[in-house]
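**Q** Residue numbers (the numbering used here), protein chains in the order written: chain U, 1 to 260; chain X, 261 to 538; chain P, 539 to 900; chain L, 901 to 1190.
Keep in mind that the hints were calculated from the coordinates and are not lab data.
Please note that the accuracy of each hint is not assured.
[What the hints assert, rightly or not] In the DSSO-like style, the derived pairs of lysine-lysine whose C-alpha atoms are separated by at most 27 Å in a straight line are:
#: 1; chain 1: U; residue 1: K254; chain 2: P; residue 2: K727
#: 2; chain 1: P; residue 1: K602; chain 2: P; residue 2: K699
#: 3; chain 1: U; residue 1: K254; chain 2: P; residue 2: K801
#: 4; chain 1: L; residue 1: K1003; chain 2: L; residue 2: K971
#: 5; chain 1: P; residue 1: K684; chain 2: P; residue 2: K671
#: 6; chain 1: P; residue 1: K699; chain 2: P; residue 2: K644
#: 7; chain 1: U; residue 1: K30; chain 2: P; residue 2: K684
#: 8; chain 1: L; residue 1: K1027; chain 2: L; residue 2: K1065
#: 9; chain 1: L; residue 1: K1027; chain 2: P; residue 2: K727
#: 10; chain 1: P; residue 1: K718; chain 2: P; residue 2: K664
#: 11; chain 1: P; residue 1: K727; chain 2: P; residue 2: K684
#: 12; chain 1: P; residue 1: K696; chain 2: P; residue 2: K684
#: 13; chain 1: L; residue 1: K1065; chain 2: P; residue 2: K727
#: 14; chain 1: P; residue 1: K602; chain 2: P; residue 2: K646
#: 15; chain 1: L; residue 1: K1027; chain 2: P; residue 2: K684
[Said to hold, decoys possible] Stretch by stretch, here's where chain U covers chain P in the computed footprint (C-beta under 8 Å, at least three residues):
#: 16; region: 580-592
#: 17; region: 811-825
Yeah, the Cβ is synthetic: ideal placement off N, Cα and C, and Gly gets one too.
So the chains spell out like this:
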Amino acid sequence: MEHAQLIHLLVIGVVSTLILYGILSSLRGKELFIRRLAGIDAIEEAVGRATEMGRPILFSVGLGGVEIETFQALAIASHVARLAARYRNRVILPVIDTVIYTIAEEALREAYAEAGHPEAFRPEDVRFLSGSQFAYASGVIGIMNREKVAANFFFGPFAAESLILAETGQAIGAIQIAGTASILQVPFFIAACDYTIIGEEFYAASAYLSRDPIHLGSVVGQDYSKIALAAFTFTGMIIATLATRWAELNGLLKFLTGGQ
Amino acid sequence: MFQPVENTILNIALMILSVLVSVVFLAVLHNVPPNLRMRVIMVITFIAGLYYPLEFFIPDGTALTPFRNRYLTPFLNPIGDAVAVMAAFTVGIGITNLCIVHARNISQRREGWGNSVVFFISMIIMFVVTLANRYAPNLFCTATAENMMTPVQAAFSVMFEGVYTALNATVFSLLAFFITSAAYRAFRIRTAEAALLMVGALIVMLGQVPVGMWLTHWIPDESIFRFLRFEVLSEWLLANINMPAQRGILFGVWVGALAMALRIWLSLERGGYFGRQF
Amino acid sequence: MCVDARIVEIITYFVAAACTLGIYTILYRENRLFRLFEHIFIGVAAGYGLAITITEVLDPRWFKPMITENATIISTCESVRGWEGVSIDRHVKRVGRASIRWETDKEKMIRYTTPPPNWTDARYVKLWVHSEKQTDGSVTMRVGTKHKAGKPTAWFEKSFKIDFVGWRQLTLYLKDFWSKGELDRREVKGVYVVEFVADDALAESGVVLHIDELRYCIGRKWYWIFALVGGMLYYTIFMPRFAWMSRFIIGIFMGLQAGYTFKAFVLTFYPQIAKSLRPIYVPGNISMTLNNIIFIITLLCVLVYFFFTIEHKRPTIRTTARLGRLLLMITFGLIFGNTIMARFSLFIKRLDFLITQFPWLK
Amino acid sequence: MRVTRISDFVLTMLSRFQQVDRRIIYVLVWILIGFPIVAPHVGIRLPVLPMYPTRAARSFFEAVESVPNDKVILVACDFDPGTLGENGPQCRSVIEHIMRAGKKFIIMGLDQVGPTIAQAYAEELAKKYGYKYGVDYCNFGWITGGQMFLERMCRDLHAAVKQDKAGTPLSEIPMMKNVRSAKDIGLVVEFTGSGLLPLYIATFNAQFGVKLAQGCTGIIGPEQFPYLDTGQLSGLLVGLKGAAEYEEMLNVVGGGKRAMLPQSAGHLLIIVLVALGNIGMWAARKVERR
C-alpha cells in the first residue's frame, strides 16, 4: 500500500483532534485528573535507596535510536537525574545510538543544572558503548558489576538483550524499575525487575511527574482517543456480525478495514 | 537547480560553493537573536514533519496527485539516503567518546587500563582488516588456488567469524541460562498475578515438548475435551488471549506515539532536552 | 604468500572457542577474563561498525554519487557476446584486455543487442573510439527503445565525426540526441538495442575503428556535500557557543521522525484494528463464535486497564481493569513460555559449534 | 535448633529449595542440555522421544498427500539464515515427503538465501529418491516484485518467470511443459519467519483457489492460527516442534527430532525448578508459622 486510504485519514484526523483538544483544554486551565501510578513511587524509592547506599544509578534506553519511544525514555531519565542530583548521586547512561548520545548528554547536563548541582554532573557518565546490540549488552553488564550500581532503570525500546541486563542487575542485588512498549520483553522485565511499567503507562507516569499542562492534556487527549478507537472497533465488530447476514454491508466493512 | 554535472573541476567548484553558502547561512542565523533563531528551527521542524504525511496521505486521482508525484514521491529514497548518511557521520562522535574514555583510563593508569589498551588494539585491527577485506582483498598475493586464501581474507575470517560472530552468538546464548534462573525465581505463587504468569508459561512449555504432549495425549483427539491437551490449550491461549491482549497494549502505545509525534511536530514538547532556550 | 584455508579454519575455530568460553565465565561471576573479552568485543564491534559505516553507507550512498560519474556499463567490449558485425581485438585496446574491432568497409552497421534497459536518469553517454586515420566521415549512434506494449519503438540518435587519429573519449549528451518516434525522456525504460551506423564517406574510406568501454552516466552529484555539512553540525554540541546548530539538524531529524510516525501508524498499527473487526456471532460455527467473544472481552478489558483519567473507584471500571491486568499476566506468561525454546536453541547451537566444528572431529 | 519432630527437619530442608544459588542452576543447564549433544559424538545412543502431531501438522501432511499427480507443489522458501534454525528442518522434511509421495515440485522464494538452501536439501534427497532436476523438480530462485509478481505468476507462469535459477528458459524444462498457471499448482507450501503469508493468500488462495500450507517460526506462530480457523491455511508447522511433528509422521530422524531431546531436558529442568521453588516457599512459610 503506497498511499493511505480515506479511512486512515479519518482515523488519524479524529485521534489527532482529540489529542490536540486535550492539550488545548489543559492550556486553558481546565483541571485534569490522572490517577496516581504505582510506578512513580517505585522510581523515587529506587533513587532514594541508591543514594543511601552511596552507589551510582544506571539508566539504559535500550536499543533507542532516533524514535519517539526513546524521547519518552529520555524524559524519564531527566526526571531520575533531577532526583539523583539533589543528593549529588551519579547517573550512568550507556547508549547504543550516537545521535541519542548527543541528546542524552545535554538532557542530563540540564537536569543536574535544574536541580542546582551542575558541578555534580560527570560528562563521562553518559557513555557510547557500541552500535551492536550484544556488544552493548556485554558492556552494560560489565559496568553494572564493576561500578556495583545500586539501582537500574530500563526505559525505552528493548529486544532480546533485556533479560541479559535485568538478570545481571538482579544477580548483583540492584533495585530495578523497567518500562517499555516492547511487549515481547515485558515478561522478562516482570520476572527480573522489582517493578515493571507496561506499554504507555510509563508515558503517563512522566506526565504525572512533570505536572506540565501540555503533557497532562496530552494524556487526557490520548484517553479520549482510546475510547474513540475502542468504540470504532466495537462498531466495526457489530457491522462484521451483521455482514454475515446482510451481504451489502461487506462493502462498508471493506472500507473500514482499508481494503484489506 | 540541483542537476548533476559532468566535469570534475566544475563539480568540485560547486561543492566548495555550496559549503560557503551553508557557512554564510549559518553565520547569518548565528547573529540573529536567539528567540528568532528558535522560531526558524521550529518552522524547519514543522516543514520536515510535513513531508512524510503529505507524501503518504495525498490519495491518487485528486488535484494534488500530480504535485505529489512530481515533488514528493521521487524524494522518498534520496531523503532516506540523506538521513542515513548524516546519521553515519555521527559515528565519529561515538568513536571519539569511546576513545576519550579509554584514553583517560590509560593516561591516568586507572584500574583496568590494560583492558583499554586491548580495546584500542582490537578496534584498530578490526577496522583495518574489514576495510582491507572490502577494498583490497588480495593485497600481498593475487591469484589464489581453490582452497587458498589471501592474508587479508584469512585475517578477516579469523576476526569476523572467529571473534565478532562468536562473541555475538555467545552473549546472545547467555539467555538460555538467564531465562532458567529468571523463571525459577519469578514463578512463585505469591499473588494471583504471579500464579497466572506461571500457569501461562507452564502450559505453553508443556505444549511444546514431547514429555508435555505425552502427559495429555491420552485425551482422544475427537472428544470435546480435546482442548485440555497441552499443545491444543497452548495454541488456543496464544491465539485467543495473547493476541487480543497484545493488541490492547498496542492501542495505547500507538496513540501515545501519535501524541508525541504531534507535540514534536508542533514544537509543543517541553521538559528535558526540548525545554532549553537557545 | 597465500594461506591454506584449512589452517585458517582451525585458527578461526580455536579463537571462536576461546571467545565462547571466555564469555561463559560471567555465569560464575564477573572476572578478569570476562572483562578482557568484553573489551575485545566492544573494540571489535566499534572497529567493525566504523568500517561498515564507511563501506556500506558513506562510500556507496554519499562519496561515489558525489565524486564519480555514477556510470553504468553498457558494454565493456571485452568479448563479442551481444555484439553483431564486429570482431574482438586484444592488441589495440584502451581499457581492460580487449576492444571491439569494426571494419567499416565490410559492415556498414554494427549492433549491440543486450544493453541495460533502464536509462531513466542517464544524462550522457561516454565511449572510447580509436581511428587509424583522419577521415571526413561520421558515425551515427542510434538507441532503440520499446515502450509499453503496443507502442511503436522510439529511436534517438546522434552522430559524431571521425576526424582524429588514435584513441579519443567521446561524450554525447542525451539531450542533444535527435529522437524519432514519440519518446518520453523522463521514462526511458525499454532500451533494447544500440547501433552504430557509418555514413557513406566513412564506408568509402574503409577505415578500421575500435570501440571500448561504452557507458552511460548520470554525472557527479555535487549537492551531496550538504549531507556532510548537516553531519558536521552534530559536532557543534561540544561547543556551547554553536550548540544551537546541533538543534538545527536534530530538529530536522525529529521532524522527519514525527512525520513518519503518522505513516507508521497506518502501515503497522491500523492492520491490527482491521484484523480485530471480527463478527461476534459466526452462524454455524460455535467454536469460532466463542473464540471471537473471548477475543473481544480480552481486548476491551486490557484497553480499560490502560485508562489513566478515570479513577478506579466505580466497581464496573475497577473489575474490568482488574480482569484486564490478570489477562495481561496470563499473556506475559504465554510469551515467556513461547520464547524458552528459541533461547535454548541458541545455546544448543553454540554447543553444537564447539563440538561438531572441532577440527579433528570433522 | 533442636528438631522437635521429623516433619520440622523435612520442612527446613525443603525450605532451602526456595533460594537455590544461580550457579547451581547454570551448571544444571550445562549438564542437561550439554549431555544430549555430546553423547552421540562419544558413542552413546540416546532414545528418540515420540512426538504427538497436532491437527494442524496432520492436515499439512494430508494436504501434501492429496495433491493430484498431474499438479505440482510450489515450495516457497522466504527465510534467511536468521530463521534457518526453525525453517530449515521444516523445509527439508516437507521436501522429503513430497519426493516420497512422488509429486513434482518447484522451489522459489521471496528471499535470496532460502531457495539456495532448499536446492541443497533437494539435491541431497534427490539421490535417495531418484529425482532428476528439470524432470521431477526445478528451482526459480529469488523472486522479486512481491504481490504483483505472484499474481502475474498465477496467471501465466512462463511469461512471469522467464528462466530458472540456473538461467535455462522455462520452455526448455520438461516438467514445465504442462505447468502454465495457478490451475496446474495443487498446493503452495511456504516457509518463513516473517509475516509474508497475506501475500500468498491474496493471490494464490483468494483469487485462484490454490490450497496453502505454512511452516513458520515459534515467535510468529500465534499470528497464523486465525488463518487456520478461517480455512485459508490448510496446514501449519510451528517452529522446531512443527519440524519434529512432521519428521514423526515421516518416521525419519531430522533436525527437529534431534533437537527435541535437549529442548525437553531444558524445559523439564525449568518445570522441576519452578516446582521446587514453590515447595520451598510453602515449606518456609510453614516453618515460620510454627
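**Q** Against each hint, give a clear statement of whether it holds in the structure.
**A** Status of each hint after checking the structure:
1. K254/U <-> K727/P: violated (36 Å)
2. K602/P <-> K699/P: violated (32 Å)
3. K254/U <-> K801/P: It holds: about 20 Å lies between the C-alpha atoms, which stays within 27 Å.
4. K1003/L <-> K971/L: This hinted pair holds, its Cα atoms lying about 8 Å apart.
5. K684/P <-> K671/P: Roughly 36 Å separates the two Cα atoms, so the pair is violated.
6. K699/P <-> K644/P: This hinted pair holds, its Cα atoms lying about 19 Å apart.
7. K30/U <-> K684/P: violated (67 Å)
8. K1027/L <-> K1065/L: With a Cα-Cα distance of about 20 Å, the restraint between K1027/L and K1065/L holds, given a limit of 27 Å.
9. K1027/L <-> K727/P: With a Cα-Cα distance of about 44 Å, the restraint between K1027/L and K727/P is violated, given a limit of 27 Å.
10. K718/P <-> K664/P: Status holds; Cα separation ~22 Å.
11. K727/P <-> K684/P: holds (8 Å)
12. K696/P <-> K684/P: holds (18 Å)
13. K1065/L <-> K727/P: Between K1065/L and K727/P the Cα gap is close to 24 Å, so the pair holds against 27 Å.
14. K602/P <-> K646/P: violated (39 Å)
15. K1027/L <-> K684/P: Violated - the C-alpha atoms of K684/P and K1027/L are around 46 Å apart, more than 27 Å.
16. 580-592: Satisfied; 6 residues make the cut.
17. 811-825: Contact hint for the region 811-825 of chain P vs chain U: holds, 11 residues under 8 Å.
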